[in-house]
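S.K.: In case you want the letters, here they are:
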Amino acid sequence: MKTDDPNINWVEEPKLGLAGRMYLPLLIGGLTTTARHTVSKKVTVSYPEQEPEIANKLIYRGVHRLNKDEQGRVKCVACFLCATACPAHCIDIIGVESPWPDREKYPESFVIDELRCIYCGMCEEACPVDAVELTSMYNLTGRSREEMIFDKEKLLSVYDATKDDEPMKSAEFGGTV
Amino acid sequence: MTVSNELNLPKPWIEGRFEENVITTTVEQAINWARQSSIWPMTFGLACCAIEMMAAGASRYDMDRFGAGAFRATPRQADLMIVAGTVTYKMASRVRRLYNLMPDPKFVIAMGACTVGGGPYFKWGYHVVKGVDLVVPVDVYVPGCPPRPEALLEGLMRIQDKIRGHKIHVQKGTNIKIPDELPLPHHSGYVDAPADQDPLLDHQKITG
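Residue numbers (my numbering), protein chains in the order written: chain A, 116 to 292; chain B, 1405 to 1612.
By construction, these hints were calculated from the structure, which means they are not laboratory data.
If you're wondering where the values come from, they're calculated on a predicted model, not measured in any experiment.
Each residue gets a CB set at the ideal place from its N, CA and C atoms; glycine is no exception.
Do not take every clue at face value.
Calculated from the model, a selection of chain B residues having no Cβ within reach of chain A, i.e. all distances over 10 Å [as the list claims (entries may be wrong)]:
| id | residue |
| --- | --- |
| 1 | 1434 |
| 2 | 1500 |
| 3 | 1501 |
| 4 | 1508 |
| 5 | 1544 |
| 6 | 1582 |
Where chain B lies over chain A, by a calculated footprint (3+ residues, C-beta under 8 Å) [claimed, not checked]:
| id | stretch |
| --- | --- |
| 7 | 120-129 |
| 8 | 135-149 |
| 9 | 231-242 |
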């Protein structure tokens, strides 16, 4: 295509006045945006004082907990379904023969590596007895690897800390079971 | 100016001997205060966790409230390295090199499951470092996939706690340094368990 082709539509650069050449409309436009933001609603959440609202705590996926039954025993039956379902291989269970008559096995040790976990919630989907669940605790941090490996006692203490806020999940509460 | 001592009470060494608007402090507290309120992080987004890091730096969560919003593009000006994302073997030597370039005192936050322990790549990922603490010493681990911006701010506050507990003086008459204090976190996200282990482990102390 040549430059003198009749199909080419040449567009002339718009002629700017004195104000346009001094960038005045653009300056005023920019300052208007700034002024609008100074009087608009503040968006900053002052986090440590102001906690975020979690819409449905029952379906939020945060730190795990191990549920207890009515007698205060751990609900887990050491079936290893959660450890099998876990894509990050972060659950480590040692199952032994149960001292109670209502089940065959119970976990002697139930360890979740919170550092390796990706909080996908497949363990609680896999669990047949609703023993392992994810709470709405979202701001876990740790200084060492050791303190972030949650053993059975620590997971049960998470249950004690969150059981009032978040009852055990079931389908009518919007849970995943 | 003479200080009247009518009541014959023992006067404190320095407190209350100046006019108002003069604040006295210790050098240690002043240094720690200055350090903890200007932690400049290095932009180190390696994968999707960097999106949450950017969200923590943007106006809604606003890391500038903690003095940590000035993301530096060079390690020479940074105090804190937020390793956000999957660290591959090829990247590991670069991570170490950038860490070595940072001036002391320097701190590292490992953010996200891939960074702190390999995450979903732990078992079958042929290319992923199984935890960035194999490469650089990590001060605070922030798990999650990715963690919320609040969790990153929580990790930042724990770095500030660590700086605040730093001691610079030695015991009187000796050359033994007074050990750093590591306060328990004052915010949530910490699960207290009846563990009998000492929360102060050797590798958590500030060295150098």
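S.K.: Which hint numbers doesn't this structure obey?
M.R.: Hints 5, 7 and 8 contradicted; others consistent.
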